[in-house]
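Trainee: Now for the letters of each chain:
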Amino acid sequence: MPSGIGDGVASKLMQMLKHLCDMARNNQSLERVRHDLQLEENLEQHKKGWMIQKIGWAILYIGLILAVAGIFGTGPVSYKTQVQNGNTIEYERFLRYEAETDMTFRLKDVTDSITLEIPQQYLQYVDVQSITPLPDRNRTINGVTTYFFHAGGTADIHCLLMAKKPGSITTTIKVNATPFTIAHQIYP
Amino acid sequence: MMNPVIRGLIIYLFLMLVFRLSGKRTLAQTTPFELVLLLIISEVTQQALVGEDYSITTSLILITTLIGVDLLVSMIKQRWKGFEEVTEGSPLIVAADGKLLQNRAGKSRVSEEDVLEAARNLHGLERMDQIKYAVLELDGSISIIPKESAA
Chain H
-2 MPSGIGDGVA
8 SKLMQMLKHL
18 CDMARNNQSL
28 ERVRHDLQLE
38 ENLEQHKKGW
48 MIQKIGWAIL
58 YIGLILAVAG
68 IFGTGPVSYK
78 TQVQNGNTIE
88 YERFLRYEAE
98 TDMTFRLKDV
108 TDSITLEIPQ
118 QYLQYVDVQS
128 ITPLPDRNRT
138 INGVTTYFFH
148 AGGTADIHCL
158 LMAKKPGSIT
168 TTIKVNATPF
178 TIAHQIYP
Chain P
5 MMNPVIRGLI
15 IYLFLMLVFR
25 LSGKRTLAQT
35 TPFELVLLLI
45 ISEVTQQALV
55 GEDYSITTSL
65 ILITTLIGVD
75 LLVSMIKQRW
85 KGFEEVTEGS
95 PLIVAADGKL
105 LQNRAGKSRV
115 SEEDVLEAAR
125 NLHGLERMDQ
135 IKYAVLELDG
145 SISIIPKESA
155 A
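Line by line, the protein sequences give chains H and P.
145 is the number that the numbering used here gives to position 148 of the first sequence; each next residue is one higher, with no gaps.
107 is the number that the numbering used here gives to position 103 of the second sequence; each next residue is one higher, with no gaps.
I should point out that these hints are in silico values taken from the structure, not numbers from a laboratory.
The reader is advised that the hints may include incorrect statements.
As the list claims (entries may be wrong) - Residues from chain H shown here face chain P by an in silico Cβ test under 7 Å; the list is partial:
| hint | residue |
| --- | --- |
| 1 | His43 |
| 2 | Gly46 |
| 3 | Val141 |
No residue lacks a Cβ here, since even glycine has one placed at the ideal position from N, Cα and C.
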């Protein structure tokens, strides 16, 4: 998300929170009751509780809006596309532990073969569940797993991934020597 | 995979926070829809707690964690009254002398209908003017004290 838009959203949210706080603070005159019941009415506590409740509701709804936007994965903010030398990678920036996600490579002008190089450091955080089409072979050398495919012209490679370790991971995946630097935030 | 004790703790604290923030009246009356909502919440919670690990060991650890935290919270409540008021609140009179206290009831999301329903259910009362006090209790229920003439 561009920082300008992010700042705008943040300031709007802050204004909303302030407005809710003001609303909660205002109109707090509660009826005083002289009663003979054996109960302790802590009116000040109730007033504070209602104010905190309103702020809590605002935070809950902000969380919901962020979730819909995809800040916790599966949403427009989460989906990323990178284009390098006519080749494209589509992936999700935010992942959730043990949740599945797709990563797609779209390649143009493939002459004969495709090599997909994934660092093993990346595979510690993300499990490759399946690759479509299946690679002809693979090998692991110096901490990089390389998958080889026979292809020509335009080709798509779909990887079904599952996050297996919470945390942040930034890595560079190479497709036919085109480097794509991708980052994931994996929520627990 | 995250340690089951930590998962149990996070879920317990999150549920406590969300239910406290949503107010006493939320899910206090179990209408059929709210019952279904509770079942869905419990199902979602169960998945987050257990994940793919269906071992007896994990179940025992989680049950011990939840009971242990609840015990600890109840001990803290007993020791510090302030903590109890923060986590559970305190009772609130929402109607007195046959009249709904609008500000109190409004802020607690209690309507005159709710008070009348409790009055009918608990004491067979017919009108607001037969109610001496209506109190919103800690568990979200409404208790009714009828006027002596109506009792």
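Trainee: All hints are to be evaluated individually against the structure, with a verdict given for each.
Mentor: Okay, the hints, checked on the actual structure:
1. His43: Holds - the Cβ of H:His43 comes within 7 Å of chain P, reaching about 6 Å at its closest.
2. Gly46: 6 Å, holds
3. Val141: This hint is violated: H:Val141 lies away from chain P, its Cβ roughly 27 Å from the closest one there, beyond 7 Å.
The structure fails hint 3 only (numbered hints given earlier).
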